[in-house]
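Colleague: What follows is each chain in one-letter form.
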Amino acid sequence: MIRLEKRPMPSRTLPMITPVIAVIITMIAGGALFAVLGKDPIEAIRTIFWDPVFGEFAFYYRPQLLVKAAPLILIAIGLSLGFRAGIWNIGAEGQYIMGAITGAAVGLAFYPTESIFIFPLMVVAAAIGGWAWGMIPAFLKVRFGTNEILVSLMLVYVAQNLLSSMALGLLKNPEGMGFPGSRNIATNASTSSWINEAAGLHWGIVFAFIAVIFAYILLYRHILGFNIQLSGEAPRAARFAGVNPTRLILFCLGVSGALAGMAGLFEVAGPAGQIKIGFNVGYGFTAIIVAFLGRLHPVGIVLAAMLMALTYIGGELAQGTLGLPSAAIQVFQGMLLFFLLALDLLTNYRIAILPRRAF
Amino acid sequence: MDLSAINPVLLIASLMVAATPLLLAGIGELVVEKSGVLNLGVEGMMIVGAICGFAISVESGSPFVGLIAAMVGGAVLSLLFAFLTQYALANQVASGLALTLFGLGLSALMGQSYVGIKPPAMAKLDIPVLSDIPVLGPILFSHDPVLYVGIAIVAATWAFLKFSRAGLILRAVGESHDAAHALGYNVILVRCLAIMFGGACAGLGGAYISLIRVPQWTEGMTAGIGWIALALVVFASWKPWRVLLGAYLFGGISVLQLNLQAAGVAIPVEYLAMSPYLITILVLVIMSADKSSAPASLGRSFHASQ
Chain A
1 MIRLEKRPMP SRTLPMITPV IAVIITMIAG GALFAVLGKD PIEAIRTIFW DPVFGEFAFY
61 YRPQLLVKAA PLILIAIGLS LGFRAGIWNI GAEGQYIMGA ITGAAVGLAF YPTESIFIFP
121 LMVVAAAIGG WAWGMIPAFL KVRFGTNEIL VSLMLVYVAQ NLLSSMALGL LKNPEGMGFP
181 GSRNIATNAS TSSWINEAAG LHWGIVFAFI AVIFAYILLY RHILGFNIQL SGEAPRAARF
241 AGVNPTRLIL FCLGVSGALA GMAGLFEVAG PAGQIKIGFN VGYGFTAIIV AFLGRLHPVG
301 IVLAAMLMAL TYIGGELAQG TLGLPSAAIQ VFQGMLLFFL LALDLLTNYR IAILPRRAF
Chain B
1 MDLSAINPVL LIASLMVAAT PLLLAGIGEL VVEKSGVLNL GVEGMMIVGA ICGFAISVES
61 GSPFVGLIAA MVGGAVLSLL FAFLTQYALA NQVASGLALT LFGLGLSALM GQSYVGIKPP
121 AMAKLDIPVL SDIPVLGPIL FSHDPVLYVG IAIVAATWAF LKFSRAGLIL RAVGESHDAA
181 HALGYNVILV RCLAIMFGGA CAGLGGAYIS LIRVPQWTEG MTAGIGWIAL ALVVFASWKP
241 WRVLLGAYLF GGISVLQLNL QAAGVAIPVE YLAMSPYLIT ILVLVIMSAD KSSAPASLGR
301 SFHASQ
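Chains as they are written, first to last, in the working numbering: chain A, 1 to 359; chain B, 1 to 306.
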């Protein structure tokens with residue numbers, strides 16, 4: 001008979017091992033999925049996980065890895081702060097869109113002026129845009145006790161509609177011959193987020209690593225990080241210790257909104273190039289998986305984001321060479337989160353195999 | 001702009017159609033939450049139900065078989081959630097999100113070969129005399145059968161929760177799982193059954209969109225209705241008849257904004273399309289003041305050792 005026994009102390013090593021096991025199980029289950037779709041599972045897994053980094057054309061794909069990982073890192077770092085405190089911002093996609101819109105709007109307002117001060121202004125505007133969008137659920141939660149999960153998610157749909165309105169109206173390229181979408185801001189040196197496009201380096205990558213360092217210091221060397229952790233694990237104890245939940249909610253949602261907003265700008269002023277309908281490809285949602293897979297730890301998030309970026313690139317590659325449908329990667333990412341959550345059980349419980357009792 | 005082009009009778013009739021997916025998903029989630037489980041995967045179960053129903057009815061040629069398949073599909077997906085939260089004791093918020101992300105991907109994968117196909121149509125009710133009554137006929141007596149099934153499910157859920165012994169046990173599990181466990185009820189089993197019911201309802205709601213309301217398959221076609229259904233349960237203060245009321249209210253808003261778009265109101269289409277989501281937020285704000293009717297054990301994991 002198998003039963004679960006609560007561990008006296010949560011395991012310390014397992015949280016670091018379970019993501020790796022989850023990835024391995026996902027690869028096996030994913031291979032089975034690809035086999036069902038009529039693809040050679042081993043070749044599919046190799047195309048997704050091996051070829052982009054070590055394959056024949058790896059020189060082309062390797063730089064893209066950081067380009068795709070950077071927005072995931074930025075957003076997931078912000079989300080992880082809230083998730084640790086039990087504050088569930090799942091509308092990062094909306095904050096990402098809003099940051100892109102406000103940031104790009106500032107850049108477009110200066111067109112065709114050229115100055116090194118424009119880009120920093122755009123970053124600030126994007127951070128404010130994302131922050132403001134994140135503050136809506138935060139404010140409603142602290143003032144009215146509204147569920148932040150539902151509000152932040154509803155705001156994603158609002159932001160998407162706002163994005164199409166901007167692409168078709170206010171921010172539309174006046175010289176675009178009527179096509180929807182703004183001017184391309186990535187090709188203009190003063191508004192582009194590229195540092196070196198050929199090497200796949202843009203400011204988002206720089207900011208992502210700064211965010212990682214700050215998050216690490218905040219979480220492990222600062223009282224605020226301790227308070228965040230405390231509120232998540234023992235809300236009552238946190239209140240007795242004088243932690244102000246209102247300020248924590250405003251802080252966590254505000255920071256994650258600002259980071260998501262900046263990620264949106266770096267994307268729109270770089271790889272995406274312009275404000276257009278559907279420029280957002282769901283990084284805000286994938287970042288949720290990244291945050292969990294990275295154990296809400298800054299370093300873990302970097303590794304998890306690299307892995308997710310790899311599945312994006314490998315997925316595109318497999319689409320081209322094997323005809324694997326793009327949705328297969330989404331299923332793959334969803335499965336990963338499932339296995340991870342299921343394996344988490346082992347951190348707090350241990351599986352005990354008891355001798356069968358005679359009835 | 002020509003507001004007179006909006007026919008109030010047709011508006012109410014189409015409002016009821018627009019409200020039905022929301023109603024089905026909402027009443028399912030209500031039962032789940034009454035048992036003390038918060039399943040945020042409604043959107044995922046709906047979209048999987050939508051594609052299961054669509055694919056099976058195209059293959060079999062029968063919309064009824066499709067609807068059954070949608071319920072099975074939603075329930076099977078919800079079993080994943082049940083396993084994660086009830087047996088693996090995973091965080092319910094995270095598991096629900098995982099279910100939605102996985103469901104969206106899975107449905108896109110399954111639906112690839114069904115884009116652009118028309119499903120077999122479902123016959124509408126046509127009662128000789130009743131359906132021909134001027135105003136009441138189109139509103140009350142000439143819809144598809146699923147719409148009436150939806151209302152019947154609400155009535156049945158209300159009666160089940162209020163009058164039956166099993167309903168009492170379900171509510172007990174939701175209010176205090178420890179007390180229910182001490183009384184000898186199988187908390188995990190009750191919750192798993194509730195989750196499966198929620199999955200089946202969400203699946204049916206999804207299939208209603210892809211087979212009857214739209215009817216075609218496009219990726220991500222549920223467009224947040226699953227999330228609005230979650231808000232609907234809060235709006236309804238966990239009371240079945242209020243789910244019906246709320247669903248018709250939301251249905252009314254989405255139909256009205258579509259009608260206003262068609263009538264060419266001076267407000268841009270994008271801003272009208274935002275309105276159901278904005279109104280959901282507004283409703284959440286108004287209803288959040290009173291949390292006393294929420295099941296006391298909502299969102300808490302249960303393990304017999306604790």
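For the record, the hints were derived by calculation from the structure and aren't laboratory data.
All C-beta atoms in this analysis are idealised placements derived from N, C-alpha and C, irrespective of residue type, glycine included.
Keep in mind that a hint or two might mislead.
Stated by the list, open to error - For lysine to any residue, the following SDA-like pairs were computed, each having C-alpha atoms within a straight-line distance of at most 25 Å:
id, chain 1, residue 1, chain 2, residue 2
1, A, K172, B, L272
2, A, K172, B, E270
3, A, K6, B, E270
4, A, K172, A, L108
Claimed, not checked - Taking CB as the label site, the calculated pair distances span:
id, chain 1, residue 1, chain 2, residue 2, range
5, B, I117, A, Q319, 18 to 24 Å
6, B, G264, A, T246, 41 to 47 Å
7, A, I277, B, I117, 39 to 45 Å
8, B, A121, A, A199, 55 to 61 Å
9, B, G264, A, I277, 43 to 49 Å
Colleague: All hints, please: hold or fail.
Modeller: Right, here's what the structure says about each hint:
Annotation: proposed proximity of A:K172 to B:L272 holds, straight-line Cα distance about 20 Å (limit 25 Å). At most 25 Å may separate the alpha-carbon atoms for a hinted pair to count; A:K172 and B:E270 meet this at roughly 15 Å. Straight-line distance between C-alpha atoms of A:K6 and B:E270 comes to about 52 Å, which puts the hinted pair past the 25 Å bound. A hinted pair counts as satisfied when its Cα atoms are at most 25 Å apart, and A:K172 with A:L108 qualifies at roughly 10 Å.
Checked against the given bound of 18 to 24 Å, the beta carbons of B:I117 and A:Q319, roughly 23 Å apart, stay inside it. Checking the proposed 41 to 47 Å range against B:G264 and A:T246 shows it holds: the Cβ atoms sit about 45 Å from each other. Roughly 25 Å separates the CB atoms of A:I277 and B:I117, a value that falls outside the hinted 39 to 45 Å. Taking 55 to 61 Å as the suggested C-beta distance range, the pair B:A121 and A:A199 conforms, at roughly 56 Å.
Here the CB-CB span from B:G264 to A:I277 is close to 22 Å, at odds with the stated 43 to 49 Å.
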